[in-house]
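If you read the sequence shown in numbering that gives the first Met the number 0, its first letter stands for residue 0, the second for the next number, and so on.
Keep in mind that the hints are not guaranteed to be accurate.
To be verified - If you anchor each label on the Cβ, the simulated ranges turn out as follows: (1) G129 <-> G2: 50 to 58 Å; (2) Q3 <-> R118: 50 to 58 Å; (3) G179 <-> R4: 21 to 29 Å; (4) G179 <-> S220: 17 to 25 Å; (5) R75 <-> S220: 16 to 24 Å; (6) E208 <-> V158: 24 to 32 Å; (7) P231 <-> R71: 15 to 23 Å; (8) D85 <-> G164: 52 to 60 Å; (9) G162 <-> R216: 24 to 32 Å; (10) G53 <-> R73: 41 to 49 Å; (11) E55 <-> R194: 37 to 45 Å.
To be clear, the hints were calculated from the coordinates, so they are not data collected in a lab. In this text, a Cβ means the ideal position worked out from N, Cα and C, and glycines have one as well.
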Amino acid sequence: MSGQRVGVAGDGQLLEAVEAADCVPITDDPEAFEDVAFVLARGDGAVVELARSGIEVPALVVDSEGVPSVSRDRIRAAMERVLGGDAAVERHPIVAVAGSFGSIDAVFDVALMAAEPARISEFSVSGPDGRIARFRADGVVASTPAGSHGYNRRAGGPVVAAGTGVASVVPIAPFSTSAGHWVLPIESVELAVERDETPVELLVDGRRERHVAPDERLTLSVAGRLETYTFPGIGR
0 MSGQRVGVAG
10 DGQLLEAVEA
20 ADCVPITDDP
30 EAFEDVAFVL
40 ARGDGAVVEL
50 ARSGIEVPAL
60 VVDSEGVPSV
70 SRDRIRAAME
80 RVLGGDAAVE
90 RHPIVAVAGS
100 FGSIDAVFDV
110 ALMAAEPARI
120 SEFSVSGPDG
130 RIARFRADGV
140 VASTPAGSHG
150 YNRRAGGPVV
160 AAGTGVASVV
170 PIAPFSTSAG
180 HWVLPIESVE
190 LAVERDETPV
200 ELLVDGRRER
210 HVAPDERLTL
220 SVAGRLETYT
230 FPGIGR
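Working from the sequences, and respecting the hints, build out all of it.
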């Protein structure tokens, strides 16, 4: 269907693709995408902005490591599938990390990280039945299924399937090689700094948000969903 309004979160090539499909590109801030049919977005940074904006329409994502996406040379074919009603939708949890500061939304991961490299602090992880582990490390990261394809995997954590409702929790550069990793229901995850030998920072989707004091508990909960199109045969 031509003439549809399509949000654009990315560069000029995306704008050209929307115009070539005889659609109307909307390039305002993501919070202005309320009346678009879908959003064409490039990269994980754009995905984060869309998740935080609370959009309720699906996104067609280009060049993402975490969510189903297509390469630049497949944009036109993917748009034809979307406009023809021949694209499936995958739903990704938007996770709120809450503490004394309020809450911040994440779509990929939440991490506690020592502010200075190679300075070990002590962290704990709790799940449905209370504390699971306490360990010394550079940090700890809890990843959604979408985020499990990124740093989590490089740190030795498992890739988690979409739709499972769980998070992968992995120590970052642990002092002990037996620290392990855990797959837990998202709603049950609690992270804490037990002792800090250097300031510890909260990173949400790779963005430094604030310092976290010892004994402050951070809890995770599902705050919403981000929908993305998936294209068997032309995308990941």
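Right, here's what the structure says about each hint:
no. : hint                      : verdict
1   : G129 <-> G2: 50 to 58 Å   : 56 Å, holds
2   : Q3 <-> R118: 50 to 58 Å   : 52 Å, holds
3   : G179 <-> R4: 21 to 29 Å   : 48 Å, violated
4   : G179 <-> S220: 17 to 25 Å : 24 Å, holds
5   : R75 <-> S220: 16 to 24 Å  : 39 Å, violated
6   : E208 <-> V158: 24 to 32 Å : 25 Å, holds
7   : P231 <-> R71: 15 to 23 Å  : 19 Å, holds
8   : D85 <-> G164: 52 to 60 Å  : 28 Å, violated
9   : G162 <-> R216: 24 to 32 Å : 28 Å, holds
10  : G53 <-> R73: 41 to 49 Å   : 28 Å, violated
11  : E55 <-> R194: 37 to 45 Å  : 42 Å, holds
In this structure, the hints that do not hold are numbers 3, 5, 8, 10, in rising order.
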